[in-house]
Structure formats: structure tokens, C-alpha cells
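S.K.: One-letter residues, chain by chain:
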Amino acid sequence: MPSPLSQRLAEIVGAPHVLSGAACAPYVIEGRTPELAVFPGAKEEVAAVLAMAADGGVPVTPWGGGTRMGLGAPPAHPGLVLGLGRLARLVEHEPGDLTATVEAGMTVEALQAALGRRGQWLSLDPPEASRATVGGILASNASGPRRHLYGTARDLLIGLTMVLADGTIVRGGGKVVKNVAGYDLPKLVIGSFGTLGVIVEATMKLRPRPDCDRLVIARFGTLGEAGSGVRAVMASDLVPSALELADAEVLRALDGEAGSDGAALLVGVDGLAEQVEWQCAELTRLLKDCGLRDWRLLDGEERDQAWRLLGRMAPAVFPEGSAGMSWGVLPTQVPELMERGGEIARRRGLRAALSAHAGVGMVSAALGAAGAGAQRVAETLGEWRALVNASGGHALVEWAPLAVKERISVWDTPGPAQRIMKQIKAELDPRGILNPGRFVGGI
Amino acid sequence: MAALTEARKQSLRREMEAFLGAGSVLSDPDELMVYESDGLTLFRARADFVVFPRTAEHVSGLVRLAQREGMPFVARGAGTGLSGGCLPAEGGLVISLMRMHRVLEVDYDNQLAVVEPGCVNLHLSWAVGPRGFYYAPDPSSQQACTIGGNIANNSGGPHTLKYGVTTNHVLGLEVVLPDGEIVWLGGRRRDPQGYDLAGLFVGSEGTFGIATKIVVRILRQPQAVRTVLAVFDEIDQASEAVSAIIARGLIPAAMEMIDQLTIQAVEDAFGCGYPRDAAAALLIEMDGLAAGMDEQAARVVAACRETGAREVRLARDEAERQLLWKGRKSAFGAYGRISPAYLVMDGVIPRTKLPQVLRRVNEIVAAHGLRVGNVFHAGDGNLHPNILYDPRKPGEEARVVAAGGEILKVCAEVGGSISGEHGIGLEKMDYMPLVFSGADLDCMARVKRAFNPTGLCNPGKIFPSRKACAEAGLAYRLHPLEEKGLAQRF
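Residue numbers (my numbering), protein chains in the order written: chain A, 48 to 490; chain B, 669 to 1158.
Hints were generated in silico from the structure; no laboratory data involved.
As the structure is a computational prediction, the values presented were derived from the model and not from experiment.
C-beta atoms are modelled at their ideal positions from N, C-alpha and C, and glycine is treated no differently.
Any given hint could turn out to be false.
[Unchecked claim] Below, a list of computed lysine-lysine pairs in the DSS-like style, where the Cα atoms sit at most 30 Å apart:
#  : chain 1 : residue 1 : chain 2 : residue 2
1  : A       : 90        : B       : 1077
2  : A       : 469       : B       : 1077
3  : A       : 252       : A       : 90
4  : A       : 252       : B       : 1061
5  : B       : 1077      : B       : 830
6  : B       : 1077      : A       : 252
7  : B       : 830       : B       : 994
8  : B       : 1061      : B       : 1077
9  : A       : 469       : A       : 90
10 : B       : 830       : B       : 881
[Said to hold, decoys possible] A few chain B residues that face chain A, going by a derived Cβ cut-off under 10 Å, partial list only:
#  : residue
11 : 850
12 : 859
13 : 916
14 : 956
Produce the complete structure using the sequences and hints provided.
M.R.: Right under this line is the structure:
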């Protein structure tokens, strides 16, 4: 017998778009099953659903492609899953303006395919593009290796429409690339994990697709040598689109063969053919002085596969289960912290796989967690965090089994600005119904 | 707020001098006059004090004092703003950051710099230039404007087409919140945890607090630069060339348009070599790797010729390049030779709408019996129609303001915005409902309240006034300027 809430939701979105009971199984979060899952077909329906939830004090968990739902503190009660998958249209694409407006539930892959037909792309390459949605990557601030040159969502999002917790539809920013009218609400919403509003539509800056796009894998004997390669590239005239530093474990997964050792640098180079050619030549010259062992140029499908693997490295290295962190550190600290992070794991008898967007200082650090015991994994993550915090950086548990999350905080200890964050949350979601408790400092 | 008595003024002055040091407080009416307006002289308002802190602790002390006294306060950089954003409420404190102007640190390896808010934009590029670096955001006023002011307005400039605006170059800020607490928003490292308060702070027009340290990215200077001047007999052709260049897969560093009236003014004043009879000129600059640069230039030249350019000139050397840019950068000064005053408008449109909107702009201004010079960032659709007028002629100023409003309406109608880089300030508060609903504005007001619950930090800016709100159904507070009959809304 359907609950009164599910009946009222069915009136808003249509009965086939409300799931309850066992049908909610695909939407389990950290072992907790939501009461209902609802899939609105228009932003007005999102508004009506939220107004109803706010009225009843029911927590709401926004859901895009579900690729990053493990991020954040475990929810006390997932309440109502609000799926955006039916809002998946490309609303507007004007190639001459280099902008596109898209509904939040469209997958990144579908968006790139549509834009690609007109010779353009959204210069973001988050992992799992076939499932990840535009709304989801904005809410979780996901990015990929190409952020080295093209930046993150914060550099590309120029306007958005979201629905606040009380069901009000609001817009921030606009459709033009330069705009200083009003506060930059899009910045506030990027990376807010659905705690301030549900993104329903986004307008983004685009780029022309480069004529030529290559990936270079350069191998070195040690992480230190590869690190000196990073420094050499950073100090040169090169403008690579990506600069990834990978340790031996990551390299093994990339190669798909046993016995690789050392470390590698993966450098993305794109642009006009002549630019790419010059950069590849210059890159070889620079890296030779840093102890380059071996060098290979990837193209086409081989290149795309390497990028995909790099985007979701941990499951490839540790298919039987892992826990992972992302570290934000200074670019110059990356090689040493990766080295020391690897030592910490080895000392505790665990395998680690570390790679980094080396030029921007973001390290992805994964631990093989299967059979290790939650306590040991949590302690190792804790030691990593202490290492990173001591260097002035921050460390976020990006994914981990629930038993590990029960032993270590997902987020760093919040700083003094947390007070303002809590006030913003209280202003925009006074009843605390949007993704409660999952964000920094218990927001 | 009731006006301060002379005795109270003296005692507050002594209190502020005690912790700022002598010579750090102005309260003499003649001295205060200098701080009565910014670059937009249509609005004027006088503070009780202008103060010159040297440290974040000074700023914090001043803010706490203002809160204790219930005095409004506003931060001010070089005063080059063009929307009245740094004007005081009548009375209160203007906190000038001009003595906090140092480049505190440059970290070349991590490609960042830490500066104080009063640091002049161009001085940072000078400081890092010898090591082959520069700071990318380059507002036209970069020789004078401060990075703190750039933060407040999220300033742009000619090279933002490729490199983005200020917000794309700011990593973190130390700010004094409106209650006096000093906190860091963001920092030197990417993706800090929590809401992106640094991103939100940039462009908040001084209503969220006062930045006291700023961490910015610095970039390596490009290997090569090419600058092209394309000359057109029809303004529509020039507009179409902008889209044609993008369609060829290029994002130049800058694409600036200059119309005939402006060309003639510039030629009269400086003789930069622009053809006086051209309807419009496009100044296009590409930068980056030397490899492939000739190919890029060839694509630009081809796109311009295809859309009807009668002449396309490539700067042969740095001297010629500088001369071409001088014409663009001196345009505002050149208007001074042909008109006693002008109002710089700032609207943005999708660039594909350039031909139709430029026609409308010229029609609107002509209908009001006025002249307009257009010089603007065509690459990102950021228009700057400069309406020329004579303030001594009765009624002319009102016609300028009316024409400006109609232009903004056109920008909003074609999907654009009412400000690309100058901010809303006092000037455009009442146009906000053209682009935002009551719910949008209410959401912004709630965010403002989270930072600035007493409303004393730069009051009376950004949000529409009673007249505009009556239409949009918003709550309204009378601006102190209006209460005193010193300003009125249009």
C-alpha cells in the first residue's frame, strides 16, 4: 500500500516515476536504503517535490549519475532520493557564442557527443563520463587531468538554475561569458554536494575541439626523476593540457603487464598540428635531461583508454576494494609527498597507488583495502592526512568502505570560515533537508 | 544613522589615530571631498572619515569600531570604479587600502603571488616580469586600479577572452569579515574543502568584507604574440568577423572593436594610424607558442577577408603593436577632446547578437539626440557604448541616463547581462530586475545576510531600490543618499 507521501509525489511526477521499497535498491547510499526515489521530468516538478519534502521535513538526496554518491560523510537517513536523470536535454548550443545550456541530468558523454558534432567541447574530463551527469560533476566539483590547462568547473560554469530547499527556483549568473551582475552564485554551488540547492540547468563556456590531441607516456626509473620532469615542464614554455605523475602501481595498471617499475609522466598535448609537434619534440629534449627511460606517443582509442583508466585508477589497481583520498598540496610538494605516502602504506603492510595532477597539486591516493581490516586502513588514511596537513595541505577521503568511514572523518577539521558556511546553509536551507550531515563540519 | 556631533567626531578620530598612527585619518571636509566619488561622477557622497590602515589588524579594528558605533563602512582602492561601488553611505567610514600595496611574496615554482589589496594591477606584472611571468587580468585602468578593487568587481579587460576574468586567477583571500574577524577563504592550494567562499567573495562588490591579502596565479609570458588590425567599411562586417574567427577554431587572446567616431577621436588625439574613413576596426591579438603562430594569423586574416575586411594589417614589430594598442587603450582619453563628458556604459550580449545590438545602440542614442562612441571587447560580447554629452546643457544628462537604460534593456532582451566588468554598485541597482527575478535577488540577499547581518558593510549597493522593487515585489530600504535628497533613482 503506497504511503501518503508517495501518492502525493506520484501526482506530481506520475506514478511510474516514483520508486519505493525494493525498487529503491539501486539507490542505496552507504548501506542505507532511501524510503522513496522520485524522478521529476521538469524543473517545476523538482520544485514541487522539494516544496513537499520541506513541508514534511523529509531529507532529500539529489542524485545525478550516482558515480560520486560515496563521497561525503555517511547520511544518517537518505530519505528521498531525487533523481535528475529525466532532465537530460541540451537546451541551447550556439557555436558562435561558445556557450551551451544543458539540463542537469544529461551525461557528460552525451553532452560532449552533441557538442562534438559542431566541432566544440566542454573542456572538462571527469571520470566515468558515460554515467556522470553535468549536475553531478558540478555539485561534486569533479574534474580530470585536463584541468592542468583548462581549469575546473569553476572556470567554465557561467550560469545555473537551481531549486532551493523550499522549492523556489532561482538563477545565478547568466548566459554570457562575462557577467558581474549580482553575486556569483554558481561558484557557491560548485562543490557544495547538493547541500544548498538542486541544480537543474547549467550554462557553460565551451572551446573549439583541438585539431590534434596526443598523449605521451614518459617512463622514469624513480618517482624523484619523474618529479624533476614535472619541474622541467613547469619551468618551460610548454603548455601541456595535462601533466600526470604516476607511481609504479598506477603504471602497472596502465601497462596491463606485470613487472613494470619506476614511475611515469603522462603529458597531454593538444592544439594545431604544428604546436603539438613542437611540444612533443621539446618535451623529449627536456625529459632526457631528467633521466627519461622510455617514451611513447598514444593516439586514437589507445589514448582515450589511457585517459579513462587514469580517471578511475583505484578500481583498476584494486578491483577487490580500496579506499582513497585526494590531497590538495602545492605543486612543488607533490613528488615528495607521493614518495612518503607510499612509504607510510608499505610500512603498514598495505599496497598504495598514487597519481597526481602534478601541475596543480592534486594527488589521488588509493589504498588496497581488501582483507586489510578497516582499522588499519583508517589508521593509514589518518597518517596520510597528518602528513598532508603538516605540509599545509588538505586531505579528503574520497571513497572508503563504510567500516573505514566510521573510523575516520571524511573531511578535514573545518577552519574559522566554517561559521560563514553554516550561516549560508541556514539561510538557504533552514530546515536542513538537503543532503544533511554529509558535508564539511556536519553541514 | 544620526549625524555625529563635532565632539563625537573628534573623539572617534583620536581613537582611530591611537591605533593607526598619526596622519592616518582624514576628517577635514576639504580632504574628504577627494573621496566623494569614484570614476562615475554622477554620484557623490561624503564620509565622516577616510582612514588608511596598514595591516589586517588595523582593518579589523576599524571594522569593529564601526560596528560598535553603528557606522556604515566601505573599502576603497584607487577609486577607478565606474559604478559608484566604493561610495560611502552619507557619513561613516571610507577604508582606503592604498597604504597596503605591497607584493608580499612571489612563488615562481608554484606560479603564485601574495599581494596586498592596494597593490596596483600593473605593478604585479612589473614585479614578476623580470623572471618571465605576468598577471593576466588587465583592465584598461591597470596602470592605476588595485587588485583589491579588481576582486570587488571581478574585473575583466581585453585579454579575458582567452584568459578569463579576475575570479579565474584568484586562489585565496585573507579577509576581514564585517564583524571584524580575520579569516582565510581558499588559500594557495586548489579545491579547498567546503563552499567556495573565495569564488563567491570575488565580485561581491565589497559587501561581504574587506580583503587584506590576496593569492593570485601568475602565468608565464607567452613565447610569441601576433597583433592584427582589420579594417571594415560596414560595422556589421566587423561584428561578423568576430564570430567567423571563433568558427575557425581559434580563441584569440583579445578581439577589440573600435567604431568610426572613436577612430576619428583617437586619430585626432594620438595619430595611431587607424584609417579615419573606416566604419570599424577590429584589433585581434593571438599569443602562445611560436610554433603554429603563422597558421593562426593566417586563419584570422582569412576570416576577416571572408567577412569583407578592406584591409588587414599585421603588426611587424613590437613598436607597431604598441601603437595599435595605444589607439584602443587611449580611446577614453580621446573622447575628452570631442566632448566635455561621456557616460561609459557596460553591457554584455552573446557575441552572435553583435550586429543587431550595435544597430539598436546607435538608433537609441540618435533618438535621444546624442552621439555614441563604441570601443569594446567584441570577443566576449562586452559592449562599452560611450555616450557623449555636455553636462552644462539642461536636460542632457537625463537623456544620457535614459538612453543608457534602454541599451541595458536591449542587452537583457537578447540574453545578455547589464554589467560585464564594472559592477552594479549604485549605478545599476534598479536595472537588476531586468536580469533577475525577485526570487533570484532574494536568494542573493540571504547570502549577503550570512556575511553581513548588520548590513553596515557597503550598504545600499547592488540590490534594487523601492521603485524598482515595487515592480518586482521586493522589500526595500531607503538609501541614505536618498533620505538626504542627495540622490535619486532612475
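S.K.: Could you run down the list of hints and mark each one as holding or not?
M.R.: Checked hints:
no.	hint	in the structure
1	A:90 with B:1077	holds, 27 Å
2	A:469 with B:1077	violated, 37 Å
3	A:252 with A:90	holds, 22 Å
4	A:252 with B:1061	violated, 45 Å
5	B:1077 with B:830	holds, 27 Å
6	B:1077 with A:252	holds, 24 Å
7	B:830 with B:994	holds, 21 Å
8	B:1061 with B:1077	holds, 26 Å
9	A:469 with A:90	holds, 27 Å
10	B:830 with B:881	holds, 26 Å
11	850	holds, 8 Å
12	859	holds, 5 Å
13	916	holds, 8 Å
14	956	holds, 7 Å
Checked against the numbered hints listed earlier, the structure breaks hints 2, 4; every other hint is satisfied.
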